[in-house]
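Q: Spelled out from the first residue to the last, the chains are:
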Amino acid sequence: MTERKIVIPGEIIEKGNDFLPGEGTEKRGNDIVAIKYGLSEESNRLVKVIPLSGIYQPRRGNVVIGKVENVVFNGWLIDIGMAENAFLSLMEVPRYVNKDALEEVLDIGDMVVAKIWGVRKRSMDLSIKSHGLGKIDEGIIMEVNPNKVPRIIGKEGSMINLIKNETGCNITVGQNGLIWIKGNKVGDELLAKKAILFVTEKSFTEGLTEKVEDWFKEEKK
Amino acid sequence: MTPKKSETKFKRMDGREFDETREMEAKVGIIPNADGSAMFRFGETIAVAAVYGPKKMHPQHSQNPEKGTLRCDYSMLSFSVNERIRPGPNRRSTEISKIIEWALEPVLMLDSFPNMVVDVHISILQANASTRCAGINAAAMALAHAGIPMKDLVSSVSIGKLDKQLVVDVSKYEEDWEEGEGATDIPITMTHGGEITHLQLDGKITKEQLKEAIELARKATANIYEIQKKILKESMGGKND
Amino acid sequence: MIETPDITANRIKEYLSGGNRFDGRKLDEFREIIIEKNISKNAEGSARVKIGKTEVLVGVKMNVSEPYPDSQDKGNLMVNAELLPLSSPRFENGPPKFPTIELARIIDRGIRESKFIDFKKLCIKKGEKVWSVFIDIYSINDDGNLIDAAGIGAIIALKQAKIPKYDDKEEKVLFGELSKESLPLSDTIPIAITIHKVGNNFIVDPTREEEDVSEVRVTIGSSKGVISSIQKGDEKSLSIEEFHNILDISEKVWKDVFNKIEKYLN
Numbered sequence: 001m002t003e004r005k006i007v008i009p010g011e012i013i014e015k016g017n018d019f020l021p022g023e024g025t026e027k028r029g030n031d032i033v034a035i036k037y038g039l040s041e042e043s044n045r046l047v048k049v050i051p052l053s054g055i056y057q058p059r060r061g062n063v064v065i066g067k068v069e070n071v072v073f074n075g076w077l078i079d080i081g082m083a084e085n086a087f088l089s090l091m092e093v094p095r096y097v098n099k100d101a102l103e104e105v106l107d108i109g110d111m112v113v114a115k116i117w118g119v120r121k122r123s124m125d126l127s128i129k130s131h132g133l134g135k136i137d138e139g140i141i142m143e144v145n146p147n148k149v150p151r152i153i154g155k156e157g158s159m160i161n162l163i164k165n166e167t168g169c170n171i172t173v174g175q176n177g178l179i180w181i182k183g184n185k186v187g188d189e190l191l192a193k194k195a196i197l198f199v200t201e202k203s204f205t206e207g208l209t210e211k212v213e214d215w216f217k218e219e220k221k
Numbered sequence: 222m223t224p225k226k227s228e229t230k231f232k233r234m235d236g237r238e239f240d241e242t243r244e245m246e247a248k249v250g251i252i253p254n255a256d257g258s259a260m261f262r263f264g265e266t267i268a269v270a271a272v273y274g275p276k277k278m279h280p281q282h283s284q285n286p287e288k289g290t291l292r293c294d295y296s297m298l299s300f301s302v303n304e305r306i307r308p309g310p311n312r313r314s315t316e317i318s319k320i321i322e323w324a325l326e327p328v329l330m331l332d333s334f335p336n337m338v339v340d341v342h343i344s345i346l347q348a349n350a351s352t353r354c355a356g357i358n359a360a361a362m363a364l365a366h367a368g369i370p371m372k373d374l375v376s377s378v379s380i381g382k383l384d385k386q387l388v389v390d391v392s393k394y395e396e397d398w399e400e401g402e403g404a405t406d407i408p409i410t411m412t413h414g415g416e417i418t419h420l421q422l423d424g425k426i427t428k429e430q431l432k433e434a435i436e437l438a439r440k441a442t443a444n445i446y447e448i449q450k451k452i453l454k455e456s457m458g459g460k461n462d
Numbered sequence: 463m464i465e466t467p468d469i470t471a472n473r474i475k476e477y478l479s480g481g482n483r484f485d486g487r488k489l490d491e492f493r494e495i496i497i498e499k500n501i502s503k504n505a506e507g508s509a510r511v512k513i514g515k516t517e518v519l520v521g522v523k524m525n526v527s528e529p530y531p532d533s534q535d536k537g538n539l540m541v542n543a544e545l546l547p548l549s550s551p552r553f554e555n556g557p558p559k560f561p562t563i564e565l566a567r568i569i570d571r572g573i574r575e576s577k578f579i580d581f582k583k584l585c586i587k588k589g590e591k592v593w594s595v596f597i598d599i600y601s602i603n604d605d606g607n608l609i610d611a612a613g614i615g616a617i618i619a620l621k622q623a624k625i626p627k628y629d630d631k632e633e634k635v636l637f638g639e640l641s642k643e644s645l646p647l648s649d650t651i652p653i654a655i656t657i658h659k660v661g662n663n664f665i666v667d668p669t670r671e672e673e674d675v676s677e678v679r680v681t682i683g684s685s686k687g688v689i690s691s692i693q694k695g696d697e698k699s700l701s702i703e704e705f706h707n708i709l710d711i712s713e714k715v716w717k718d719v720f721n722k723i724e725k726y727l728n
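Residue numbers (the numbering used here), protein chains in the order written: chain A, 1 to 221; chain B, 222 to 462; chain C, 463 to 728.
Heads up, a few of these hints could be off.
[To be verified] To give an idea of the interface, some chain B residues facing chain C are shown, with a C-beta separation under 7 Å as derived from the structure: (1) Arg243; (2) Glu246; (3) Asn254; (4) Ala271; (5) Tyr273; (6) Gln284; (7) Leu298; (8) Phe300; (9) Asp384.
[Said to hold, decoys possible] In silico lysine-lysine, PhoX-like type, Cα no more than 20 Å apart, as pairs: (10) Lys722(C) to Lys499(C); (11) Lys202(A) to Lys217(A); (12) Lys440(B) to Lys428(B); (13) Lys164(A) to Lys129(A); (14) Lys5(A) to Lys454(B); (15) Lys27(A) to Lys372(B); (16) Lys503(C) to Lys393(B); (17) Lys185(A) to Lys488(C); (18) Lys659(C) to Lys714(C); (19) Lys475(C) to Lys182(A); (20) Lys515(C) to Lys248(B); (21) Lys121(A) to Lys248(B); (22) Lys583(C) to Lys194(A); (23) Lys276(B) to Lys5(A); (24) Lys725(C) to Lys714(C); (25) Lys634(C) to Lys624(C); (26) Lys559(C) to Lys583(C); (27) Lys425(B) to Lys393(B); (28) Lys15(A) to Lys372(B); (29) Lys182(A) to Lys194(A); (30) Lys621(C) to Lys577(C); (31) Lys577(C) to Lys503(C); (32) Lys5(A) to Lys451(B); (33) Lys717(C) to Lys621(C); (34) Lys642(C) to Lys503(C); (35) Lys121(A) to Lys393(B); (36) Lys194(A) to Lys217(A); (37) Lys659(C) to Lys488(C); (38) Lys202(A) to Lys454(B); (39) Lys503(C) to Lys624(C); (40) Lys515(C) to Lys194(A).
Read the hints as simulated data drawn from the structure, not as lab findings.
The beta-carbon is built from N, C-alpha and C at its ideal position, and this holds for glycine as well.
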């Protein structure tokens, strides 16, 4: 496996027919060329670029956080930071919703945690049926670049769980970069926010989990 | 033919060799609110660029259902030049905005962003000629920094002809050259792969000398590319989220 | 997401009631102020002001023109602002909208009414030729409190400015050639301080998040205790007591800000 390195668009990452172009790259002749700014990574001959920036690419099954933009006759239009608003049907709510009382469930301006169950050409379909989804009642919402989300969650949730334990907060990380933090005290919520920002700034450092543990020790002094 | 270094004692007012650019400087991530941002400087010409997008495009009728739209705007701060520029768009800035769009468009891959727009805003903070070139260099870095998929970077430089002498990276003093054949100004933008994405000319030049000018631009833009690449790599993780 | 969500707004207000702000500052505390002078060499005077992540550039340019009919022996002042689209996803290209115009006018009044510039000394020939001073303000990154940052930038740029050389015979300004003469400025430095009401608390120097939650604001331009300009903005009302409180806060904060920027005034 070749060393990971920062690459820029147009840069040749690997030469030779042994390799296959993955995300963030394209094949030009015998070369695998980066088409995004990020960290190149190769495994099993597949070369890809992990982006450092760029907009969110929605996928089925993603949990996202959005704001209710509009109430329509059969559901709600939710802004999740994409070109088009996503649609939440009143059929995708865990309980029966009266067509005349949609605003009582979710009103314009409300924040909501939802899951993407369908990605169409120009929009997305959301659901709040499962556990952990639904209207956000209180706490703070912060925004990070969506490309940093995997690091914030960590391998099998290791990073986000560390932050949850150290701050005593409930934290829901939307794949679209919005994060909801709810704790017992505002001070705890702010500590969690600070920790998350620390992770985004150091996202490509080795041994980050340890660094975050040390960081918490310093902060709590 | 351009008199070569060894054949002439041609010295530029600031002491540069004919094929020497002014001192260059670049930075990325200078505007925290932007999705991508950069600064590029040629000597006393300073440009900053900020990228916002891809994002929803308004008005709706401007949307392109097949791919994302690139939208550039170039402006100079009122006090960036000796005689104050009245605020607001003017014909020159409108034209340069479009030229810059055309200089960047060929390397951008916007197929995956139908109906969306990528806004590139360029401001000249201080001007000593070659402002559009500095602006394009900053914009290219800002677009990469913003995570826009690109085939390559572009790099831009101005080639001048002072009477019969070709020079690289024209300063204001040289732009105003009046002796002999006067000044010819040729801003050129090239991809790292050697494709020309932008070329303008005003002045007077033979076909042969123009080909030489393009060759000089090729070498100069290769150097500029190294600076853009270096700064982008060094700023790893430096973007504010 | 561009606007601060309501739930975060609620937390901001909650936290303020306990005397705390998200970034750990006190309610009447400014963020770090970083100033660079002479950032644009073709300007007669210029400054970059950073307050936290907010950044503005201010430049001074001068020209000779006819005086206004009602001030035949005085120079002119024109303050212009642009909230550049590069500084925020909220700003668009196009003719200046109200916030831009308001900012320029607030800074204009703060400088003009405080008599910071001695306009009579900018007269070259009464009724015919006077110096015009143009102050141009540009936002580079908006993280709240652009007004106060712009005000500081204007003062520093004016202080730093040198008058261009003027060719009497040809009757034209030699742009690009500066004399050693500074602008005729008084010693009293006018500083604009904007106080915001958020929930039941008053804060200064809001971040953009805090500014979104602010319900009413008052910008006070003053100098050593003498108030020369006030602008109350936004839709809510204030009680007289609240207004008195605001006056007290602005007096205290003025001193703090002055101490922070004093070294750049020479």
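Q: If a hint holds in the structure, say so; if it doesn't, say that too.
A: Tested hints:
| no. | hint | verdict |
| --- | --- | --- |
| 1 | Arg243 | violated, 14 Å |
| 2 | Glu246 | violated, 14 Å |
| 3 | Asn254 | holds, 5 Å |
| 4 | Ala271 | holds, 4 Å |
| 5 | Tyr273 | holds, 5 Å |
| 6 | Gln284 | violated, 16 Å |
| 7 | Leu298 | holds, 6 Å |
| 8 | Phe300 | holds, 3 Å |
| 9 | Asp384 | violated, 24 Å |
| 10 | Lys722(C) to Lys499(C) | holds, 15 Å |
| 11 | Lys202(A) to Lys217(A) | holds, 17 Å |
| 12 | Lys440(B) to Lys428(B) | holds, 19 Å |
| 13 | Lys164(A) to Lys129(A) | violated, 24 Å |
| 14 | Lys5(A) to Lys454(B) | holds, 9 Å |
| 15 | Lys27(A) to Lys372(B) | holds, 11 Å |
| 16 | Lys503(C) to Lys393(B) | holds, 14 Å |
| 17 | Lys185(A) to Lys488(C) | holds, 18 Å |
| 18 | Lys659(C) to Lys714(C) | holds, 17 Å |
| 19 | Lys475(C) to Lys182(A) | holds, 16 Å |
| 20 | Lys515(C) to Lys248(B) | holds, 17 Å |
| 21 | Lys121(A) to Lys248(B) | violated, 37 Å |
| 22 | Lys583(C) to Lys194(A) | violated, 53 Å |
| 23 | Lys276(B) to Lys5(A) | violated, 29 Å |
| 24 | Lys725(C) to Lys714(C) | holds, 19 Å |
| 25 | Lys634(C) to Lys624(C) | holds, 17 Å |
| 26 | Lys559(C) to Lys583(C) | violated, 34 Å |
| 27 | Lys425(B) to Lys393(B) | holds, 18 Å |
| 28 | Lys15(A) to Lys372(B) | holds, 17 Å |
| 29 | Lys182(A) to Lys194(A) | holds, 14 Å |
| 30 | Lys621(C) to Lys577(C) | holds, 14 Å |
| 31 | Lys577(C) to Lys503(C) | violated, 27 Å |
| 32 | Lys5(A) to Lys451(B) | holds, 13 Å |
| 33 | Lys717(C) to Lys621(C) | holds, 19 Å |
| 34 | Lys642(C) to Lys503(C) | holds, 15 Å |
| 35 | Lys121(A) to Lys393(B) | violated, 51 Å |
| 36 | Lys194(A) to Lys217(A) | holds, 13 Å |
| 37 | Lys659(C) to Lys488(C) | holds, 14 Å |
| 38 | Lys202(A) to Lys454(B) | holds, 15 Å |
| 39 | Lys503(C) to Lys624(C) | holds, 12 Å |
| 40 | Lys515(C) to Lys194(A) | holds, 16 Å |
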